[in-house]
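Asks: Listed here are the chains, written in short residue letters.
There are 8 protein chains.
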Amino acid sequence: MDEARLIELLDRVARGLVAPADAALALRDLPFEALPEAVIDHHRELRTGVPEVVLGEWKTAAQIAAILTALAAPGGGALATRVDAAKALEVVAAVPHAEHVPHARIVRIAPATPRAVRGRIAVVCAGTSDGPVAEEAAVTAEFLGCTVVRISDVGVAGLHRLLVRVGELRNVDVVIAVAGMEGALPSVIAGLIDRPLIAVPTSVGYGVGAGGLVALASMLTSCAPGVVTVNIDNGFGAAVAAARIARAVTR
Amino acid sequence: MDEARLIELLDRVARGLVAPADAALALRDLPFEALPEAVIDHHRELRTGVPEVVLGEWKTAAQIAAILTALAAPGGGALATRVDAAKALEVVAAVPHAEHVPHARIVRIAPATPRAVRGRIAVVCAGTSDGPVAEEAAVTAEFLGCTVVRISDVGVAGLHRLLVRVGELRNVDVVIAVAGMEGALPSVIAGLIDRPLIAVPTSVGYGVGAGGLVALASMLTSCAPGVVTVNIDNGFGAAVAAARIARAVTR
Amino acid sequence: MDEARLIELLDRVARGLVAPADAALALRDLPFEALPEAVIDHHRELRTGVPEVVLGEWKTAAQIAAILTALAAPGGGALATRVDAAKALEVVAAVPHAEHVPHARIVRIAPATPRAVRGRIAVVCAGTSDGPVAEEAAVTAEFLGCTVVRISDVGVAGLHRLLVRVGELRNVDVVIAVAGMEGALPSVIAGLIDRPLIAVPTSVGYGVGAGGLVALASMLTSCAPGVVTVNIDNGFGAAVAAARIARAVTR
Amino acid sequence: MDEARLIELLDRVARGLVAPADAALALRDLPFEALPEAVIDHHRELRTGVPEVVLGEWKTAAQIAAILTALAAPGGGALATRVDAAKALEVVAAVPHAEHVPHARIVRIAPATPRAVRGRIAVVCAGTSDGPVAEEAAVTAEFLGCTVVRISDVGVAGLHRLLVRVGELRNVDVVIAVAGMEGALPSVIAGLIDRPLIAVPTSVGYGVGAGGLVALASMLTSCAPGVVTVNIDNGFGAAVAAARIARAVTR
Amino acid sequence: MDEARLIELLDRVARGLVAPADAALALRDLPFEALPEAVIDHHRELRTGVPEVVLGEWKTAAQIAAILTALAAPGGGALATRVDAAKALEVVAAVPHAEHVPHARIVRIAPATPRAVRGRIAVVCAGTSDGPVAEEAAVTAEFLGCTVVRISDVGVAGLHRLLVRVGELRNVDVVIAVAGMEGALPSVIAGLIDRPLIAVPTSVGYGVGAGGLVALASMLTSCAPGVVTVNIDNGFGAAVAAARIARAVTR
Amino acid sequence: MDEARLIELLDRVARGLVAPADAALALRDLPFEALPEAVIDHHRELRTGVPEVVLGEWKTAAQIAAILTALAAPGGGALATRVDAAKALEVVAAVPHAEHVPHARIVRIAPATPRAVRGRIAVVCAGTSDGPVAEEAAVTAEFLGCTVVRISDVGVAGLHRLLVRVGELRNVDVVIAVAGMEGALPSVIAGLIDRPLIAVPTSVGYGVGAGGLVALASMLTSCAPGVVTVNIDNGFGAAVAAARIARAVTR
Amino acid sequence: MDEARLIELLDRVARGLVAPADAALALRDLPFEALPEAVIDHHRELRTGVPEVVLGEWKTAAQIAAILTALAAPGGGALATRVDAAKALEVVAAVPHAEHVPHARIVRIAPATPRAVRGRIAVVCAGTSDGPVAEEAAVTAEFLGCTVVRISDVGVAGLHRLLVRVGELRNVDVVIAVAGMEGALPSVIAGLIDRPLIAVPTSVGYGVGAGGLVALASMLTSCAPGVVTVNIDNGFGAAVAAARIARAVTR
Amino acid sequence: MDEARLIELLDRVARGLVAPADAALALRDLPFEALPEAVIDHHRELRTGVPEVVLGEWKTAAQIAAILTALAAPGGGALATRVDAAKALEVVAAVPHAEHVPHARIVRIAPATPRAVRGRIAVVCAGTSDGPVAEEAAVTAEFLGCTVVRISDVGVAGLHRLLVRVGELRNVDVVIAVAGMEGALPSVIAGLIDRPLIAVPTSVGYGVGAGGLVALASMLTSCAPGVVTVNIDNGFGAAVAAARIARAVTR
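Sequence order for the protein chains is U, D, C, Z, E, V, A and B.
With the first letter of the first sequence counted as 1, position 127 gets the number 127 in the working numbering; the numbers rise by one all the way through.
If you want the working numbering, it's the position in the second sequence, counting the first as 1, plus 251.
If you want the working numbering, it's the position in the third sequence, counting the first as 1, plus 502.
If you want the working numbering, it's the position in the fourth sequence, counting the first as 1, plus 753.
If you want the working numbering, it's the position in the fifth sequence, counting the first as 1, plus 1004.
If you want the working numbering, it's the position in the sixth sequence, counting the first as 1, plus 1255.
If you want the working numbering, it's the position in the seventh sequence, counting the first as 1, plus 1506.
If you want the working numbering, it's the position in the eighth sequence, counting the first as 1, plus 1757.
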């Protein structure tokens, strides 16, 4: 059913030729018929609470620049993740107001009016090598309107360093815990606090730990219940999930 | 440092022999010294918001019965998961007030006074084969004080069935989406709603899908941002994570 | 938007309070709102050309019997796959007209009126151990209205046996080639004929070949272009794909 | 048996020294004896319906140029896939009428007389990152004489975009669905249409999704029956399979 | 081309209507046309030097009995491998002259006239747990006409036990070395002798060694050049390879 | 060179026919020549400090009984590991002084005179499900003459329980840390003490943790340096390694 | 509980307002409350016997230089591992007294006063390609105060080379055995000596051996009991474990 | 026992102080005692029939040059495999008589006197991309004194090309079959000939076939008995195994 046919049907209802109940029946299948214009992407934030974000890794600088420009047009800003330094340079040169956040591998256009602050998120990481993924999470969460507390270098090999920060972890709405190698950090934190906790494995590791599968599997099999996990190096996804939770909490 | 030495130190503070600031310094390392009595398990709910729960799979019926009895003693009820039918029969016979919830593979002792209701959770599953894992999540969430909405048999092969339930999914605090095979259900739901969503892969599948690794990996790589995941068949863990979120939301 | 609201909107159109074009706009999002009744499963054959079929492996005999009875009610017959002998006995006892096809692990209710014959399919298998999967494909294809030519025991270790049957393979609409172990059969056939060819790996094998992953991977990496593959032991899926092709050919 | 011996045998038949029936018996094993000249490659199109195509990845530019020239000599054109930009430059410089299709990583020599148009194929892809594989499929299908409909950027995270194109998918002979990440697109499409559907996983993804194994496995375990799959990034193979089907349909 | 057409062609040669050279041309493609009768299995020994052997694992006792009877009919004996005790009992009861070799999981019918002795093979195994696979190799090799020297329990953890047997290993035509766990035995032997050496990994092992993949991979990566390997637990295949070599040596 | 030839050579030295230096040259290769009698197994304890122990899993009760009897004959006792309850019953019935230690899956014959006590070993385990592996380690270590301190149920989900036992861990010669699931326990302990620490992963876990590979990999990638690891469920191997260390320490 | 609150509590004890026993109770949870200053890293050597060492792989030269400088400040020297040549150049230029040990990929600052010599360690390697990992172990062990015996190129393919060095292996406190490919070296050594033995797999290998997983798995499944293992290429970790043992031995 | 002690013992035999039988007893353990000089590498050819060969991949050009020079000194030539073009240039410049065989990635020094020709080996490969591995096998076999027949580009997708060469394969002592992708070639050949056949998987392939594991697994699970396999891309190892066989055959 195309739009013309839809309007024709509604015209027939308007003219009394089709009863509303019969029209309802006919319309039940509507979405599986073709409407000529695609639903535009700006609807995504309304639907899921999170605007569309550009995954930069397999796109050219030109493609990233074009999409960022389009996404930012209505004034809500825009974000591209996994953008390497060379591409970022080109994008920033091409897109007004775009800025590069190198440690997070992000190109960002700030919203004309900042989003209302909704929720506090702690981003904890085990070692300095996990920094880029933690920053991807932190910068994304800030873009989505959250306040972010950063806690670094608190891996379980030196338990003291973590234990003295537990109080801070108990004062946020959600904790994002980032770790590579054997990925034990989230298990230990989850046993100490009652906040929602999102674990992010990183690809930092070598030998059997190369690529991050061990950290991921370790987080999935945590003996501390209530740990949830995202893909390896997916700081962005963790931030989106945390923002969904923080928004619900502060509603 | 054992308890005797701790009390001795505090005695010396009481008698003015040690300045409080010096004692504080000495106490900084305390937890890494031995205190004679282990912190008892009933503290866990205070610390993490969730009482200790028995993982029944590798324990004997006698072990499960003993731990359940001890956990339930203070009146807050108790739960054992992954208990097969044969063990459950024995446990129920041995433990007063214990009841078997067969479809969820759970043995449960209801709290003397039910927990206050905190939060609404939807447990959605793709096929009837995913039922036991979904029920493990639902029964656990109810035990933790949540209201649960169950939505079954809405796999993506028949998209109509899912689309007509989207309204319900928009009216809960958290969604738990359970699926085996290719595990596409959470990706599709996450694109339609703005609630926090926890994906649970199940071991339902054969060939390359046997054991549930494909469903898990599919959920981890979802193109819909904000999906978080737990281990295969871990309905219990998803419920604990959901309860943490629901409690935060309703605080 | 629930049905009441839909009918109210159409009523307003009928009464001239809303212009058809405005209603069309409002309706664009309809399918993502809740309609109270789920689209019933009998629509699936209309939509995809193939009726819903029961995957019996993780269902109880009682569940299989109930679903088969419901599916067969309109007279088009019904099929359940991966049903072991014990369950099949119970199902056949409980469901009128149900018959067990043991070698194919299928329980079948023939349609009241057989489907029109559409297309010829060859089901070729490498060894007698691959028989159950080949039969699952053959019986399913017949249920879907195809004529099936069965060719058995033509593995590549004795090339003569295959070469003398090539003429038959050139006279069907689609070839389904079933093999376990190293799975070389489809590669060899695909180099000899111009028909569409669907490869089905089986779990027949031991050592590195156990479970069928080698046969599957071998088929996916075939040096003979145009081979397409389904999951290990998925004779059913191959038959559905073949029937889709055969129906298109004979349209 | 070499050719001399074959002709000697036939001579003896001609001279009445060997009875035709005895010669037939002797000849049964013939193909397993050596004939001096290899069957030339131009026979492949007669046998399988598809001309030999050059897989460029592990060949030098010089090797690709030489084989393309030989294949194109009879006038039917020729194709080389997986040719990177540097090699393509060299090949195009060396081979008359060769042209580079960069987005598809293909070097192509058009046939002197285009093949008769046979069949319509839709090539659908989930994201712009899947573009090169989709183009490999599309360009190959066109070379084989098919009409191609391209539909891009309809991943399941934004279901609207796909649903409005379903009508187009119902109007082709075969659908090729290309997706990386979690690879859910073919499952959703297969539940909506009745056309043969070939799924192509791409290597687009990171973490557990790196390399495309998750997308592949997801397609193999699709809960929507009738999906068939090719190797990761094998747009070429999907096009050959689609062309075999389209040719059969339009026969 | 069927047999009738073949004889017609030869008739035309006999009658001078077709020149022998033209017939030779026509016959070049013969084997790819259908001849009505399949080449019977008794030819395999002529072609490959080894008679067809029954792989019993996925066959019923009745199937094994029937095939053994047929294969043994001409008097050359027959062999079925991977036959468990229950099936073997049935087979032996049903097939005259069949005997069960339990430790080797083999059912054997001795040839009416023993094969001429051709070659000496040493079958060496690392531990007593590897015994069944070693015996499968030994019994098969004896059936194929080889003399077998058995050397057991010479794993590398006690190097003395192996070193004192090296002299024997230097006096055979081929060595088959069978080992599970870390599979180091063939590497050590290959550095000490100049005989062809076939390594057989077994599924004996637990933890990461379960199933035999470690033993297999260890043999494939042996730092001692010239080790060749067969599938896990494939004592039969090793014996066939060894017999091919021994026969060549003693030709 | 066999023994006869060796004695002949030495005879010739004795008779002055061969110079000692020349004999030395000839003897350099000796061990690679065959001596008729195998070095008997009782030498192993002299060579490696640990007597031969029977791995019971793939042996029959009769085989285990025979080897235990032979090993125990000189009076030093004997041990068989991985013996299930049914076999153990048979072995104990057949072998004098043999006793079954069910929780450790061990059959043991105590030495006539206990070994001198050498070293203190702590066997720590994360959960009660890890008990059988921990007991295999403890019982083996005791058999080898070590004093064993058992510490149970101190998983990282409840860090208090572990921290209060750290003092005990600082008072042994070696720590064996046993854990399944995500295997984080050894990482945490290794950061708190300066003793040698051997990590033992167990097969306790489900989903991605099934079989123990995650616990193993987690221990191998521990961010706490100095953790060494053995195979999954290999409590025996850990005890042997610990005894080697303890013996060196107490030398 | 922050420091202010801690001192307030101790003040109340000092003033007699809180009884020491009650304060002890209150303090039991102390370490899980936040203290404002992190425990500094120089404590690690006191706690675990090994100073903190820099893992250089994912850090910039500037980061490595800064941390080395800080660690070396108290005079005990410092070490950074996995530092490639380019980074090492920068670090050495920036940090006084830093020297590059290229074959070991280490940057080292010698302690002002060398550590007392404690223990003898043999570092054995199978082939020259394993050299860098063996050197990482050797240089680390020397930094930790051990005497190191290096034995190279004694792989099992030429057993003579190893056997003539066994005497030396029997004269050290710990053996570190480094091997790639099939990793059989530690199994053979462990059967010949009674010293603690730490196996280090290397990533030297190709085909199934690429990356070192085969060597690792082979070492984990060694049939020679008492072998313990570290991660692939983790010479550093092996040296730390060896130093822990050597220190205990020489205590 | 060092050499001095050995000579002392023999002296005591010479002087009649020790009886030969007692000395024999003492000498039984000899090889496990240290002799001061390592057995030199030139003995390897005597022991295993194959001289030591340099694996060039992880060695520097200088190391390769030095070892080649030493190995070639006695006049038997020398070989280095897996030498890339850059290293080869350096090696050839540094080592007299060294020549680079680029397609085989080999640097070779011909023996002063060629080895006697022993045996005929066919090296068959499926596609031109498999060429370098096939050449490594061929050049190595020639170096070891074998005559080599090369047969290229006979993959199973065009069965004609292979079948016409079967006669040649029946006229050699050993066949080496090299294939990547799905690796079906050896299975097909093994069913056609009675010669020993060594399968060599190559790393040619993409998607699931990347790296060659599919080809390897396919060869290991071949339904044609008697196929033996070496590691991926290990043309060298296949040639050594083939030479061992050929030498035995021609003995």
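Derived from the structure by calculation, the hints contain no laboratory data.
If you're wondering where the values come from, they're calculated on a predicted model, not measured in any experiment.
It is possible that some hints are incorrect.
As the list claims (entries may be wrong) - Just the calculated beta-carbon pair ranges, DEER-fashion:
1. Ala1616(A) <-> Glu1263(V): 55 to 61 angstroms
2. Thr1870(B) <-> Ala1120(E): 35 to 41 angstroms
3. Asn171(U) <-> Ala324(D): 29 to 35 angstroms
4. Leu340(D) <-> Thr1368(V): 44 to 50 angstroms
5. Arg652(C) <-> Arg868(Z): 31 to 37 angstroms
6. Thr813(Z) <-> His1854(B): 36 to 42 angstroms
7. Ala826(Z) <-> Thr1117(E): 57 to 63 angstroms
Unchecked claim - Example chain Z residues on the side facing chain U (calculated, C-beta under 7 angstroms, incomplete):
8. Ser882
9. Val957
10. Gly960
Claimed, not checked - Far from chain Z, some chain B residues (derived; all Cβ distances over 12 angstroms):
11. Glu1765
12. Gln1820
13. Pro1831
14. Gly1832
15. Asp1841
16. Val1874
17. Arg1877
18. Gly1884
19. Thr1885
20. Ser1886
For each residue, glycine too, the CB sits at the ideal point set by N, CA and C.
Asks: If a hint holds in the structure, say so; if it does not, say that too.
Replies: Hint-by-hint comparison with the structure:
| no. | hint | verdict |
| --- | --- | --- |
| 1 | Ala1616(A) <-> Glu1263(V): 55 to 61 angstroms | 60 angstroms, holds |
| 2 | Thr1870(B) <-> Ala1120(E): 35 to 41 angstroms | 39 angstroms, holds |
| 3 | Asn171(U) <-> Ala324(D): 29 to 35 angstroms | 33 angstroms, holds |
| 4 | Leu340(D) <-> Thr1368(V): 44 to 50 angstroms | 49 angstroms, holds |
| 5 | Arg652(C) <-> Arg868(Z): 31 to 37 angstroms | 35 angstroms, holds |
| 6 | Thr813(Z) <-> His1854(B): 36 to 42 angstroms | 29 angstroms, violated |
| 7 | Ala826(Z) <-> Thr1117(E): 57 to 63 angstroms | 59 angstroms, holds |
| 8 | Ser882 | 4 angstroms, holds |
| 9 | Val957 | 6 angstroms, holds |
| 10 | Gly960 | 3 angstroms, holds |
| 11 | Glu1765 | 63 angstroms, holds |
| 12 | Gln1820 | 29 angstroms, holds |
| 13 | Pro1831 | 39 angstroms, holds |
| 14 | Gly1832 | 37 angstroms, holds |
| 15 | Asp1841 | 16 angstroms, holds |
| 16 | Val1874 | 24 angstroms, holds |
| 17 | Arg1877 | 16 angstroms, holds |
| 18 | Gly1884 | 8 angstroms, violated |
| 19 | Thr1885 | 7 angstroms, violated |
| 20 | Ser1886 | 4 angstroms, violated |
Violated hints for the displayed structure, listed by number in ascending order: 6, 18, 19 and 20.
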